[in-house]
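Got chain A; can you put chain B on it based on the hints?
There are 2 protein chains.
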Amino acid sequence: MIRTLIKETSQKTGEQIMVEGRIASRRDHGSIVFFDLRDRTGILQVVLQADMALDLKEEDIVLIEGMVKERPVKMENPDIKTGKVELEAQKIEVISKASDLPFALKDTPELSLPVLLDFRPLTLRAEQTKAIFKIEEEVIDEFRKTLKSLDFFEFQAPSIVPTATEGGSEIFKINYYESSAFLGQSPQFYKQIMVGAFERVFTVAKAYRAEPSVTTRHLSEYVTLDGEMGFINSWTDLMDTCETIIKNIFKRVGLACQDELKLLSSVIPVIEGNIPRIKMREAQQIILERTKRDNTKEPDLTPEDEKEICQWAKEKHNCEAIFITHYPTKKRPFYTMPDPENPEYTLSFDILLRGLEITTGGQRINNYSQLKENIKKWGNKPEDFEFYLQAFKYGMPKEGGFAFGAERIVKQILGLENLREASAFPRDMSRIDSRLNSNE
Amino acid sequence: MIRTLIKETSQKTGEQIMVEGRIASRRDHGSIVFFDLRDRTGILQVVLQADMALDLKEEDIVLIEGMVKERPVKMENPDIKTGKVELEAQKIEVISKASDLPFALKDTPELSLPVLLDFRPLTLRAEQTKAIFKIEEEVIDEFRKTLKSLDFFEFQAPSIVPTATEGGSEIFKINYYESSAFLGQSPQFYKQIMVGAFERVFTVAKAYRAEPSVTTRHLSEYVTLDGEMGFINSWTDLMDTCETIIKNIFKRVGLACQDELKLLSSVIPVIEGNIPRIKMREAQQIILERTKRDNTKEPDLTPEDEKEICQWAKEKHNCEAIFITHYPTKKRPFYTMPDPENPEYTLSFDILLRGLEITTGGQRINNYSQLKENIKKWGNKPEDFEFYLQAFKYGMPKEGGFAFGAERIVKQILGLENLREASAFPRDMSRIDSRLNSNE
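From first to last, the protein sequence lines stand for chains A and B. Here the first sequence stands for residues 9 to 448, where the numbers follow this note's numbering. Here the second sequence stands for residues 9 to 448, where the numbers follow this note's numbering.
With the rest of the complex left out, here is chain A:
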């Protein structure tokens, strides 16, 4: 007999079918036992004679044959999509027995973060957890879809790199044969090289940061959605493209993940009209006026500033996202294009969403000599960047790009407390799957 998926059972009243899945819950009523059976498509109520139900319990995997029956109206369950039917079991076969669970799966949302992650292979099965990663899947797919529709070429960026791309010490070192290498902090150099060949490119890649501290908004390994665009007219083309991406993502998630959003009590961020674009210095001024907090001399926004300016954008523009532009030159990587009107600042931007940076981008220096000079100014040797520099030596159009953090988008859409919840297998200072000090 061929397996019927649970979502199809509503249409099978009176039919003899076979389903396979996990027992999500068991309720004993004397000689009758009820299972909620779960497969990848939904949940179905199964009615069994007590002797058929054996010692079966949560997470055991079974194959059940039986007849689909309509439930009496008063027994219908509006909480599940198959709530008008149930399966009257005639035959049951045990496929796999589960050990006793450390907690009921339905209690997953109440677990502390360490326990949630210690038991990730189990907690991934909870409906609330699956909903998070269903949304991640749609976010990433829509990023790809939008950029393909804008004629961007998808390439595969390498993650083993010979030098630190973005500078700084937050980089993982690899023992590479007789030599050393690093894990790329971003696909930056490679996407710029690819612009030389394909003009518009994107990649879904991993980025690695050896963050020496544990925060709620950093991961040691994360998914970066990177795009780079040649032959731009202006650096504002980059912001326009980002705006299209982010609006498409919200639209897609809103349509494709209605059940998941409901389950997680989340609503898609509001963006009315265009996303506001203000300079970092203007943002600091606004924050000063609103909070009396004077950070107007600081070279960057603090996490509190990011929250405050998002609050302002929401109140003033009914928009939960905002572009912050013109970050100081000395705080950005060597390849960032200075603003010709004031070279202390750059043609760069971040997008903040509900108080957190989810995107960073900007125009790049495309002139070979200027780029080489900047490498020196930033304290590096152009010889170490010879491969990358070829892309400019042999001609490069006016260009720029952007990078979205996939987990951060998901975190902010869902209002998750910790970025780790938005990564199926988060890595940080103290954890790779299991806790790193567990053997101590």
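Because the hints were derived from the structure by calculation, they are not lab data. Predicted, not measured: the structure shown is a model, and the values here were computed from it. Hints may contain errors.
Identical copies look the same in the list; a pair holds intra-copy or inter-copy alike.
[As the list claims (entries may be wrong)] Computed list of lysine-lysine pairs in BS3-like fashion (alpha-carbon distance at most 27 Å, straight line):
(1) K385 / K322
(2) K20 / K156
(3) K385 / K105
(4) K338 / K181
(5) K105 / K389
(6) K300 / K287
(7) K255 / K15
(8) K156 / K259
(9) K105 / K380
(10) K82 / K20
(11) K270 / K156
(12) K315 / K255
(13) K105 / K384
(14) K89 / K181
(15) K89 / K156
(16) K380 / K65
(17) K82 / K156
(18) K315 / K305
(19) K15 / K156
(20) K89 / K300
Okay, now just chain B, sitting in the frame of chain A:
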């Protein structure tokens, strides 16, 4: 004036337009100069007065305004899609000057592999190179598309791992904060864990192998197209799915990449009917009969054997791919399901395409105790696999999966000599972008 893409120029006869691109070639004819101008969509002939052409040359980037004219019939160029028109330049603006090239881009196919890769940022721009990565893009996209249509869930696998997944010493070690970690040899454990939650999953991920030798068919970092499937009826379901994937990929590339295939003088592999499936021992017997080479006691096929058995499949079945099944248990990883009819062999398979393995797969052990026993038998400690083992401890359906090497598929479709040609930025013992001994 808004940029017109070159592919659109054929439809713009008599119109005033602006194009941007690189000079692909320059031909001086007295007071007239011809440029072939290249953008991401094609090549266009531009006619200029000699004084406008300045010292412009190959790979310089320019913006040109002018009038699209029909060419006289005898001047048409059937080799390019815009061959019936040309642009009469009225204004030219230099966007970026290129240094002298070390070779003409059109000579890229004649370069030795080390030179091709030393100058990768430049050689990526050659039409023949772009064609390779256009095909890679379609291969990967079709893998995703096919599996989504079969209800597989896409997830993001981590690449930093705590233990060696497949055993063996060919693994890169990372300095991970105060501790150590490794680069994953495959997303195997994570896709199996995800099956516990989503039943059918796939991931496009990186796999890392510290291959201690340089061959034409290995990379230190490669793109793996990984799928895993729960609730299978039989391990042959896995081969059926792989067959669908591979046929869809060939169909898609054949349709979407006609120009690229022609440019690279390649034809899609022939698969008539079903891909033949034979046991490794049968393959060795056939090879013995055909070549008198007796490898019937060997635990694996040699590279020569793989070529020979593909030759046989082509002659006998008019099929350029073949499934080789039932590899010996001791040659496969600990999680591979033994064949119940003969536990010396496994329910595993490879796909060989035109003489090279492009896919490996098989059913996995889904019973917790059996898996734990096997970890011990393979000389490892179950404690080191506790996280992974949770997926089985808490119930796992009958399942299995497969992995395709993206670069290998591209190499075999195109008949490339070396796998490195199918990787934009190949890493091996002696190269990360530049040659590793270049500083010695």
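Inset, instruction - Tell me, please, which holds for K380 and K65 at an alpha-carbon limit of 27 Å: within, between, both or neither? - result: The answer is between: 23 Å across copies meets 27 Å, while 66 Å in one copy does not.
Legend entry - Copy assignment of K270 with K156, given that the CA separation must stay at most 27 Å: between (30 Å within a copy, 24 Å between copies)
Legend entry - Intra- versus inter-subunit Cα pairing at 27 Å for K105 with K389: This pair counts as between: shortest inter-copy Cα distance 23 Å, intra-copy 60 Å.
Inset, instruction - Tell me, please, which holds for K89 and K156 at an alpha-carbon limit of 27 Å: within, between, both or neither? - result: Between. Shortest inter-copy distance 22 Å satisfies the 27 Å Cα cut-off; intra-copy 35 Å does not.
Legend entry - Within, between, both or neither: K385, K105 at alpha-carbon 27 Å: between (63 Å within a copy, 23 Å between copies)
Legend entry - Alpha-carbon proximity between K15 and K156, which holds within one copy, between copies, both or neither at 27 Å: This pair counts as between: shortest inter-copy Cα distance 17 Å, intra-copy 32 Å.
Legend entry - Homomeric proximity label, K89 with K300: Cα distance no greater than 27 Å: neither (52 Å within a copy, 63 Å between copies)
Inset, instruction - Go through the copies and call it for K105 and K384: within, between, both or neither, with a Cα cutoff of 27 Å. - result: For K105 and K384, only the inter-copy Cα distance (22 Å) is at most 27 Å; the intra-copy one is 63 Å.
Legend entry - Status of K156 relative to K20 across identical chains (alpha carbons, at most 27 Å): between (40 Å within a copy, 25 Å between copies)
Inset, instruction - Check K300 against K287 for me: Cα-Cα at most 27 Å, and say if that holds within a copy, between copies, both or neither. - result: within (19 Å within a copy, 76 Å between copies)
Inset, instruction - Pop the pair K315 and K255 into one bin, within, between, both or neither, using alpha-carbon distances up to 27 Å. - result: For K315 and K255, the Cα distance is within 27 Å only inside one copy (20 Å; across copies 51 Å).
Inset, instruction - Measure nothing new, just compare the shortest in-copy and cross-copy C-alpha distances for K89 and K181 to 27 Å and report within, between, both or neither. - result: neither (50 Å within a copy, 48 Å between copies)
Consistency with the previously given hints fails for numbers 1, 7, 14, 17, 20, ordered from lowest to highest.
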